[in-house]
Amino acid sequence: MVFNDFLTMRHELILVCMILLVLIIDLCVSKANKTVMIPVAISLFLIHTIIGFLPAQSGVLFGGAYHSEPLTVLMKNILNIGVVIVLLQSAAWLQKEENREKISEFFMIMWATLTGMYFMISSGDFLMLYLGLELATIPMATLAAYVHHQTKSAEAGVKFILSSALSSGILLFGLSMIYGTCGSMYFDTIQTAYGNAPLQVLAFLFFFSGMAFKISLVPFHLWTADVYEGAPVNVTSYFSVISKGASAFILIIVLYTVFHSIAYLWKDVLYIISIITMVVGNLFALRQQNLKRFLAFSSIAQAGFLLLGLLGANEVGMTATIYFVLVYIFSNLGAFGVVSAIHAKTGKENISDYNGLYKTNPLLSLLMMLSMFSLAGIPPVAGFFGKFFLFTSAASAGYYWLVFIAVLNATISLYYYLMVVKAMFINKNDNPIPYFKSDAYTRVGLICAALGIFVIGFWSQIYEIITSLAFGVIK
Amino acid sequence: MVNYAYTLLIPLIPLAVFLFLGLTGHKYKPIVSGIIGTLGLGIGAILSYATAISYFFVNHVDGTKLESIKAFEIPWLHITENLTISLGSLIDPISVMMLVVITTVSLMVHIYSIGYMKGEKGYHRFFAFLSLFTFSMLGLVMATNIFQMYIFWELVGLSSYLLIGFYYTKPSAVAASKKAFIVTRFADLGFLIGILMLSFFTQTFDFQTLTNPNGPAIANNYGTGFMGLSLITWALLFIFMGGAGKSAMFPLHIWLPDAMEGPTPVSALIHAATMVVAGVYLVARLFPVYALTGGDALHVVAWVGGFSSLFAAVIACTQTDIKRVLAYSTMSQIGYMMLALGVSGYGGHDGLGFMAANFHLFTHAMFKALLFLGAGAVIHAVHSNEMGDMGGLRKYLPITHITFLIACLTIAGVPPFSGFWSKDEILVAAWHHDKVLFIIEFLVAGLTAFYMFRLYYNIFWNKDTHYHHTPHESPLVMTIPLMILAFGAVVSGFLPFHKMVTSDGMAIESHIDFAVAIPSVLIGLIGIAVATVMYRKPGSLPDKIAGTFKNFYKWAYHKFYMDEVYLFVTKKIIFRYISAPLAWFDRHVVDASMNGIANTVDATSKSVRGFQSGRIQQYGYVFVVGAILLVLLFIYIF
Amino acid sequence: MNILTLFVVIPVLTVIAILFSKDMKQTRLISAIGMGIQLILAGILVYSYLGMRKAGITDEFLFYFDALWFKTLNIHYTIGVDGISVAMIALTSIVVFAGVFASWTVETLHKEFFISLIVLASGVFGFFISLDLFTMFLFYEIAVIPMYLLIGIWGSGPKEYSAMKLTLMLMAGSALLFVAILGIYFYSAPAGGQLTFNLLEIAKNKIPIEMQRFLFPFAFIGFGILGALFPFHTWSPDGHASAPTAVSMLHAGVLMKLGGYGAFRVALYLLPEAAHEQAWIFLILTGISVVYGAFGAIAQKDLKYINAYSSVSHCGLVLFALLMLNQAAMNGAIIQMISHGLMTALFFALIGMIYGRTHTRIVSEMGGLMKIMPFLGVCWVIAGMASLGLPGLSGFVAEMTIFIGSFQHTDTFHRFMTILATTSIVVTAVYILRVVGALLLGPVKNDHFLELEDAKWYERLSTVTLILSIAAIGIAPLWLSDMIGFSLAPMVDKINSVTASIAGIF
Amino acid sequence: MTQGIPLNFFLIISTLMFFIGIFGFLTRRNLITMLMSIELILNAVNINFVVFNKYLYPQQLHGLFFSLIIIAVAAAEAAVAIAIIINIYRNFKSIDVDNVDEMKY
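Protein chains in written order, with this note's numbering: chain A, 1 to 475; chain B, 1 to 638; chain C, 1 to 506; chain D, 1 to 105.
Here chain A stands alone, though its shape is the one from the complex (with noise of 0.2 Å):
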């Protein structure tokens, strides 16, 4: 192993760096300020993010267990720029009074499940890619539990590492079975290796279901609305956004690749499985109360339309789902700053207490419409373009019928998301949300989701640098 291969995988390791910094730096900050881990952590993650859009080189290491293309790094940037906008939108959180203390363990904790993701994407096998799952996900468990004296946190927690741990040790299972029948972890290996015996269905289908828990597509999402609601808001919105849309590259990458050969198989299980994901999702949205709850819901709803985009199984479905997770993450982080910022303020987090917010606070409700009008794809916002092209790539397959049914979802969610603005600018309310000044970071973080929710949609070139990396992914 030279210098050089080091670089190769640039993004973990800087960002490993950055978590002990944090570890050293919090060592010599007294109790009593820790509040200045805040900027120096969100300083830090920005200059990560900065370098990682430094031109980066791509290669294989450890044998094929590691490889990075500028594919790979155009997502790990992605997760990164969300991730900046989460942490920038957590900051009047973590001032609190209870938080103090924890301000640092919240980084670090938050950096290796980031860290375990950058793994999972660059994957060349599948022993790395439960590595990085497993650091993706544990953690994350006692993120979820991180304010410890409510109840509710210690719920998601511990329903988090349960269902998980269930679900990876069916995805295990699955892994044992691929592996006993193709003699090897490597992708490129089982790729050629893999065909439709039973005992190789049976394995991908474990496997999948495993994944399918990450995305949290029906019918193993069950999880995910009690973690989001017990979860602190930020965790929640870095839930939904980041790890979804990690392990939405994951999938991508790794049916794309490795299931390549039993695509017309794969195909199939989607089918079924995002008509049941964006219905149930949708149903269940219908009629919640807590916003993140909401969220929650709609966001399986968005993971089910997800699914239209890999059916397409070609550059345009590729294309057409990381630009989607782009959208998704900036039209998700635009509600959930909302919410969180509310949060923050009030500790209300109901629907109905959001009644008459536009005669209180104007620009938090424009942007919160706009994020709903965005994840129902609702032109002008980025959230249109999204699902268009996802629509098209599945149309390009010939899934007229199942694009109508995505359509007519879309038409179903349309309504709640409406139900949210309803109650910001329509109904009555006699004590709403006072008016309040949100403190710096929070209104950056609010800022830059309303830009990329502006901007993406209509700046054409970044749909075009997606395809472009998107091309010869494909084998």
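Hints listed in this document are in silico derivations from the structure and should not be mistaken for laboratory results. One or more of the hints may lead you astray.
To be verified - List time: in silico DSSO-like cross-link candidates among lysine-lysine, alpha-carbon distance up to 27 Å:
hint, chain 1, residue 1, chain 2, residue 2
1, A, K345, D, K104
2, B, K606, A, K152
3, B, K27, C, K456
4, B, K118, C, K371
5, A, K422, C, K22
6, B, K121, C, K445
7, C, K445, B, K572
8, C, K371, B, K27
9, B, K571, C, K445
10, B, K572, C, K301
11, C, K301, B, K170
12, A, K348, A, K359
13, C, K22, A, K428
14, C, K22, A, K437
15, B, K170, C, K371
16, B, K537, B, K554
17, C, K456, B, K121
18, D, K104, A, K348
19, D, K104, B, K606
20, B, K121, C, K371
21, C, K371, B, K29
22, B, K606, A, K422
23, B, K606, A, K348
24, A, K422, D, K104
25, D, K93, A, K152
Bear in mind that the values here come from a model prediction, so they are computed numbers and not experimental data.
We have chain A; now place chains B, C and D onto it with these hints.
Frame of chain A, contents of chains B, C and D only:
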């Protein structure tokens, strides 16, 4: 060939007057608008007289054909490559005749109204509407193509609506105007469908092409299309439906009596002299097509006309509202004209009926306008429409009395008044064509004389009613038109119509056929005599007679319950059994099904919430089962 | 910059300007100016368009402009206008202009109101100028969504319900549309060719007939829902009844026209074979909505409901005529769109003004208003006359062109349907006169109405603008119908060039 | 020495363990026992990897490594899980899974 392009001014001047008065009328003293309107029409009248003289006499050599001249035409709308709607003015015998009629009567009515409407609010509005009507009517008669005619046909309907509803705060007037518009509109639907069919077959709207004996309408044989009648016949019948509506032929007549809610001059202008004869004019305009395509349509025309005339005459005998009597007499007289057209043939002496119809149209315009204006003068004097409130007025209203008497004699067909000549021609035509129709018309002649003189006596003789303020003769501005029209009523019979207005433009020789003339005069006299006996002096005789024909009288008095029938159809059937159910259907079926979708979604979402039980183990259970289901699905099914 | 792009840019600029306005006066002034410019621009457009035609330029689309947007999917920003879209743009600018003045006195959240109104307008303009299915769809949805806020916030009655219903039904429509657009896209070029969203390119290529059969219902119903196609029209009565004045004006006047326009441009123009095959089904549906709407209107009590149902009837006539698939009828359909747009806007404006005074829309509670507010009364009568198709007003021109055109169809079934449709003119007369009689004429029912005053200057401005345009079309229709006809001819030829396996059911 | 035992026996054992584990996870009420049943599942997986490696691909060591790593990760997982369960105990005063359903629907 003379250039008649200036005839364009005849309709355009009233239009200008209408716009001017409508937009700025309220700014001036009422009288100003009256004068402006009258002047405008005066010019129009002079122009049309000039046209008539130059067309019939100056520029026409006896014995030659009276050509129809397209004086002016501009395209208005291209619909298909063949079908173009254009606006223009057509100069031929009937249009010129109508020009004269309309401008004359309208001018008279304008002058009369200056006095009659004095002190009414909305004075300028009244004159504006009068001008609008005149404009539309002139445009109608000068139409170069059937679609232009339809356009102005509708406009005429509108102005009639506006004028009937002139007293728009009076519910009865509002109702009447609405009724008039909708009934005629319904008839116009027939007209429109007729036009559609005609234009579909002939690919033209133009009258000259249509009426050309070698043109597509007549030359091409469209065979028997539907129910044994050729499609062209159906088209003509539909068109006649339009005409019947405007001309208040049975069963589309019900709007006419109610239309008397309008100011009396309006009744004189629209519902006696001009608009109601539009139907006759329409048939006359398309006459060659009617006559030369089998003539089945003409039979319908004849019988509808005949029946209507009898029907109306019977009702007229029982009415007590003087304007309604006149209204029914109008209907009956128009029935005459229709019948005349119906019994006519094309060309030569067969075309007698055609000539007679137009002749009667002309004379009728004169004396019926006179009658209405006279009635107006009476009403103006006693402030009532009811015969019961009148009587012995000859002392108070000498001029009105005389002119009214002249009019009655004219309509009763007493020689040498004009009515005699025109009616005689019609009877002759009927005699030659169909005896049954002749008998009907013969009876109607008698009835006409009877009810007119019943009216006359009830107003001017009979009992000496005591008026709490003595009625006085109307001002000159009102009486002069009466005299002028009376003059017209007397002399217009001597016009050489047989030279001027004939089916094919060639002059025909006409002579008094004494075999028909004498009996018709006699029955007229009999009618007058009976009326004299019954109504000259107050007496119980009328009631006795009414008593003897109790039921029949009752039916006739209630206009044979036509209104009730219509009310039943519109209110009950259409409104209650079509619209209301439709509205209900729309709310509770169509709309409900849309909402139903939403509700089902909502209900489902309520019912599935149990899945999210909040118990980890159940989550795990679903997880595992889901995975296993997938496996089963894909290993054993695919 | 291309003049057409201005039609989208100016509204955006206006919106930005409104953001900085201080109070209601400024807001409405700005929006009035902005939309005034828009109106002038439309005038210029019509003028120069006619000029270029006179100069003998015979390209199908003028002011053509094309910019690549998304390379991989070959999505372009393609704009251009032919006679049809020019007419629609003119209509839109007039109605929006009138709408701004009709909502002159909006107090609550005035900024937001005018912003959403103008965003809606920009969406409509964008839809009419764009030749690329993607941008078309984009603008379509931009035009639909502000409706929710406009009705939900400033509406009356069960506004949330109506707003939600309207939005969801229209969105369901766009769902159908979406499938159709994608389907067309993936067959827009022969195998191996470069796929495209560009209308003109697609029209050159023949989409396989099976695909057309599958896509046509999606496309037609998708647009039909917006065009109040029976039985998907039920959003319209509730929506209109709850919407504030200007919104009803824009919605019935312009937005519903997107339906007809799109149905023509996409469904019929791009899928001609299927159109020929399936026309009869939709002819029956539209025929129903023509008569049904009219009869429905008779039974209504609320002014807005009456007008909403009459809109169903009139818009039904538009689709009906389009499905006749011949030059004359389609020409009539487009004139009908414009005419109905103007007169229904006028109607809703007047309803709003009267409601603003009497605070009721129930016909039976009013009466004798002609005495009290003659100006509004006369305007109402004119609007009524226009809608019952009186010569000299736009309605007549449109309806007659449609009826004569449709009756030229060689197929008996079509001619029969035409006669069925003609009956609507009588029914229309019935409910129009009923309202005129009960509302304006007769004695004054409610003495409180006696002190109500007649129209203000801004109300006069907005109504007079509309009336003038209605009369202009009604009196001199030739230039309009020729302008439309010129652009229509090649498209109709293209539609009829195909030989359908079944033509109608007879 | 293991020559005598055919591969299938191991597979059957492991599969049994796997499903016993799942059964335990779904039925036991005690959070700790649930955790233990998950360990059971993981061990089943381990057996799989090892025997596959030993019987089918004796020339390489992927399976062994994988099982080693699984063991390590499982330990970490258990540590975190137990920490959280202790936290649960603090909040709920019990580690019975039935109490942990505050959030639902």
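Taking the hints in turn, this is what the structure says about them:
{"no.": "1", "hint": "K345(A) - K104(D)", "result": "holds (26 Å)"}
{"no.": "2", "hint": "K606(B) - K152(A)", "result": "holds (24 Å)"}
{"no.": "3", "hint": "K27(B) - K456(C)", "result": "holds (20 Å)"}
{"no.": "4", "hint": "K118(B) - K371(C)", "result": "holds (20 Å)"}
{"no.": "5", "hint": "K422(A) - K22(C)", "result": "holds (26 Å)"}
{"no.": "6", "hint": "K121(B) - K445(C)", "result": "holds (21 Å)"}
{"no.": "7", "hint": "K445(C) - K572(B)", "result": "holds (26 Å)"}
{"no.": "8", "hint": "K371(C) - K27(B)", "result": "holds (17 Å)"}
{"no.": "9", "hint": "K571(B) - K445(C)", "result": "holds (23 Å)"}
{"no.": "10", "hint": "K572(B) - K301(C)", "result": "holds (17 Å)"}
{"no.": "11", "hint": "K301(C) - K170(B)", "result": "holds (22 Å)"}
{"no.": "12", "hint": "K348(A) - K359(A)", "result": "holds (17 Å)"}
{"no.": "13", "hint": "K22(C) - K428(A)", "result": "holds (25 Å)"}
{"no.": "14", "hint": "K22(C) - K437(A)", "result": "holds (22 Å)"}
{"no.": "15", "hint": "K170(B) - K371(C)", "result": "holds (12 Å)"}
{"no.": "16", "hint": "K537(B) - K554(B)", "result": "holds (24 Å)"}
{"no.": "17", "hint": "K456(C) - K121(B)", "result": "holds (25 Å)"}
{"no.": "18", "hint": "K104(D) - K348(A)", "result": "holds (19 Å)"}
{"no.": "19", "hint": "K104(D) - K606(B)", "result": "holds (13 Å)"}
{"no.": "20", "hint": "K121(B) - K371(C)", "result": "holds (12 Å)"}
{"no.": "21", "hint": "K371(C) - K29(B)", "result": "holds (20 Å)"}
{"no.": "22", "hint": "K606(B) - K422(A)", "result": "holds (21 Å)"}
{"no.": "23", "hint": "K606(B) - K348(A)", "result": "holds (25 Å)"}
{"no.": "24", "hint": "K422(A) - K104(D)", "result": "holds (25 Å)"}
{"no.": "25", "hint": "K93(D) - K152(A)", "result": "holds (14 Å)"}
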